[in-house]
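S.K.: Listed below are the residues making up each chain.
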Amino acid sequence: MSSGGYVLLAYVLSLLLLWGYAASLLLATRKQRGGKSCQSS
Amino acid sequence: MCPECKRTLGYLITAMTFFALAIAMVLFYVPTEASMGSIQKIFYLHLPVAIATFVACLICFAASIAFAVTRDMKWDRLASASARIAVVFCSVVLLTGMIWGKSAWGQWWTWSPRLTFSLVLWLLYVVYVMVRASVESPQRRAIIAAVYGIIAFLDVPLVYLSVRLMPDIHPVSVELAGAMKLTLIAWFVPVFLLMFGLIALRFRIDQHTATTGSGDQQSIAAPMTWAGGTL
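Protein sequences, first through last, are from chains A and B. Okay, so the first sequence: first residue is 1 according to our numbering, each after it adds one. Okay, so the second sequence: first residue is 1 according to our numbering, each after it adds one.
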């Protein structure tokens, strides 16, 4: 793999991990609210 | 939309915008470093995430001391939230470091002092999360975690100083030109926004679970679970 390929791999995996975790926390917050929308909670 | 959701959404969109700007700078603005080539571009992500990991560990350490002094459970929840975020960020540090190593040194891993202490740091905070999950009583869990959180932080200065005190393949410091320095600063902003945002979000989930007593930690407030520990 070229060094450009390694750079791309590093950025894609890192951002997926960070934002994937952020998304999972947001989903957990939503689940905690019982799946209710903001207006009804 | 409630004000709290608007705030969270606004915060995340701000962080995403700064991330997009920082990525654009790496792609189109910063020049390729002369000696290392394009692999050096991993550095713009690697360093801010490493510093963010240290800060998350420091928050866990300070909150653990605050809990030990005050016995206020909110400090325990803050320590727990920051330790979990430290694990996620330290995973990114190890991941980017390994990819750098494979391209620059020809191997995924070498047992140099800094790399070893970094792996130990990741393991220490993974164990912190697992220890918390294994103790039933909230009071007992908070006390054990506070003691552990204070001791685990001792590895952070070791990671920082190892490269200065022992012979190591890892670079000690890097000289950066103007555009490179600006790009590095541009990466610090979204990484720190995300780190503080995730700690706040994780803290709020734990706070809500503790105050309402609804749901168990494993199923609701723990979005990622592995090996008996929860993130």
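Any given hint could be a false lead.
Estimated spans, in silico, between C-beta atoms of each pair [claimed, not checked]:
#	chain 1	residue 1	chain 2	residue 2	range
1	A	S2	B	R164	47 to 55 angstroms
2	B	E175	A	L17	43 to 51 angstroms
3	B	D168	A	K31	40 to 48 angstroms
4	B	L21	A	S24	22 to 30 angstroms
Which stretches of chain B does chain A cover? Using the computed rule of at least three CB atoms under 8 angstroms from a CB of chain A, they are [what the hints assert, rightly or not]:
#	region
5	32-44
6	89-95
7	125-133
FYI, nobody ran anything at the bench for these hints, they're computed from the structure. Quick reminder that beta carbons are idealized off the backbone N, C-alpha and C, glycines included.
S.K.: Hints first: check each against the structure and report whether it holds.
M.R.: Going through the hints against the structure:
Between S2(A) and R164(B) the Cβ separation comes to about 33 angstroms, which falls outside the hinted range of 47 to 55 angstroms. A hinted range of 43 to 51 angstroms is violated for the C-beta pair E175(B) and L17(A), which are about 29 angstroms apart. Separation of D168(B) from K31(A) is about 44 angstroms and conforms to the stated range, judged on CB atoms against 40 to 48 angstroms. One distance hint, 22 to 30 angstroms for the beta-carbon pair L21(B) and S24(A), holds here, with the actual separation near 25 angstroms.
Interface restraint, the region 32-44 of chain B with chain A: holds (5 residues with C-beta to C-beta distance below 8 angstroms; minimum three). Counting residues of the region 89-95 of chain B whose CB lies closer than 8 angstroms to any CB of chain A gives 4, which reaches the minimum of 3, so the coverage claim holds. As drawn, the region 125-133 of chain B meets chain A at 0 residues by the rule of a beta-carbon pair under 8 angstroms; below three, the given contact is violated.
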